[in-house]
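Visitor: Sequence:
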Amino acid sequence: MEKETIAIHAGYNKKQGNGEMSVPISQTTAYAFRDSEHAANLFALKELGPIYTRLTNPTTDVLEQRFAQLEGGAAAICTSSGQAAIFYAIANVAEAGDNIIISDKLYGGAVTLLTHTIKRFGISAKVFKSDDASNLEELIDDKTKAIFFESLSNPQIAITDVEKVVEIAKRHGVLTICDNTVASAALFNPISWGVDVVVHSTSKYTNGQGTAIGGIVVERDGLAEFFKANSNRYSHFTTPDESYHGLVYTDVPLPNFCLRIRLALLRDIGATQAPFNSWLLIQTLETLGLRVDKHSDNALEVAKFLESHPKVKAVNYPGLKSNKYYDKAQKYFKGGKASGLISFDVESFEEAKRIIDSVKLFSVVVNIGDSKSLITHPASTTHSQMSPEELVKAGVNPVTVRLSIGLENPVDLIEDLNQALN
Numbered sequence: 000m001e002k003e004t005i006a007i008h009a010g011y012n013k014k015q016g017n018g019e020m021s022v023p024i025s026q027t028t029a030y031a032f033r034d035s036e037h038a039a040n041l042f043a044l045k046e047l048g049p050i051y052t053r054l055t056n057p058t059t060d061v062l063e064q065r066f067a068q069l070e071g072g073a074a075a076i077c078t079s080s081g082q083a084a085i086f087y088a089i090a091n092v093a094e095a096g097d098n099i100i101i102s103d104k105l106y107g108g109a110v111t112l113l114t115h116t117i118k119r120f121g122i123s124a125k126v127f128k129s130d131d132a133s134n135l136e137e138l139i140d141d142k143t144k145a146i147f148f149e150s151l152s153n154p155q156i157a158i159t160d161v162e163k164v165v166e167i168a169k170r171h172g173v174l175t176i177c178d179n180t181v182a183s184a185a186l187f188n189p190i191s192w193g194v195d196v197v198v199h200s201t202s203k204y205t206n207g208q209g210t211a212i213g214g215i216v217v218e219r220d221g222l223a224e225f226f227k228a229n230s231n232r233y234s235h236f237t238t239p240d241e242s243y244h245g246l247v248y249t250d251v252p253l254p255n256f257c258l259r260i261r262l263a264l265l266r267d268i269g270a271t272q273a274p275f276n277s278w279l280l281i282q283t284l285e286t287l288g289l290r291v292d293k294h295s296d297n298a299l300e301v302a303k304f305l306e307s308h309p310k311v312k313a314v315n316y317p318g319l320k321s322n323k324y325y326d327k328a329q330k331y332f333k334g335g336k337a338s339g340l341i342s343f344d345v346e347s348f349e350e351a352k353r354i355i356d357s358v359k360l361f362s363v364v365v366n367i368g369d370s371k372s373l374i375t376h377p378a379s380t381t382h383s384q385m386s387p388e389e390l391v392k393a394g395v396n397p398v399t400v401r402l403s404i405g406l407e408n409p410v411d412l413i414e415d416l417n418q419a420l421n
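Taking numbering that gives the first Met the number 0, I'd label the letters of the sequence shown as residues 0 to 421.
Watch out, some of these pointers could steer you wrong.
Pair by pair, the computed Cβ-Cβ distance ranges are [to be verified]: (1) 245 with 119: 25 to 31 Å; (2) 224 with 268: 23 to 29 Å; (3) 239 with 352: 56 to 62 Å.
Treat the hints as calculated values from the structure; they're not laboratory data.
No residue lacks a Cβ here, since even glycine has one placed at the ideal position from N, Cα and C.
The task is simple: from the sequences and hints, build the whole structure.
Guide: Given below as structure tokens:
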């Protein structure tokens, strides 16, 4: 099926249950077993089925199946937020004494998680240059468990050299994890370029209305063979898990990466997506392609206006032919579209603050991907916990303003920005 059809139909059989045309909300904590043997079989993985909503839920299961197909993956698992999805993806492969390699251009919350919080778990992070991956290979060692990057970064709107990153990673047998939140599954499928694992904050473009928090992890097909081939690096997939009766994940005929997150991390840490949020995301996922096309078209019009304005010193948007990432956008993203995020630089911090305080149609909000247009100052909000050195490396400046372009008429958005700039 094509993406538009997958987003509406995948993962749900309306002929089951009561024939509901809309996916029902399974608003429950637990599930009744047929008898004691049925309960024991479920816990022993002799049968598959719902046990407890911290682990599985029928509504969430539809979203997971639907999203996995949209990304071209073998399986997906929902989490309570995008940050939880990133943490689970890393914690699923790395432990104390290991290291990961991360892009130099990441969302501020990801930076603090991956350079500060996980350090307390004994996992260190090295930083590679995402534009060309020129220093990536030299950073890999025997303890490297993952390479993490964003396909389209926030707020620099930079595009990672995905093909080169994947080529280097495969040569060394290291797992790749791509955060595809900003580009969205509508524009880009990292798995089709060889990426192993994809994560999203589904709170953003997937939801599109600012009404639900969520995250998701998607794995490609064939990871069991990858873990077996690189058993020294990923032995916890190929050796018995003492916490699950000696289960060896690569011996189970189910997608290994999501299975281990579900059986170990969701079981023990429990950052589970609420069924109601899953239901909301199922509704909005149906229009993802239509919305992201419109976000992208609107953003290009706004970016062209900003590029021509004398008070704007620089515009970061890969849809512009003048942008350094334009060729990569044409290479990787559907139709060369570049989603709805823009950042631009002005003369000073005071000027940036004045513009943000002067808009009328835009809302001062730190979310992205909403149907309504949003504006913020990354250096003092989303990236404010980063050190000055980290901000410089990430390309986040005090003079930078970030826009999340919504679905309004671009004429109105341009008019609002023009009056704020002037």
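Visitor: What hint numbers does the structure not satisfy?
Guide: Violated hints: none; all satisfied.
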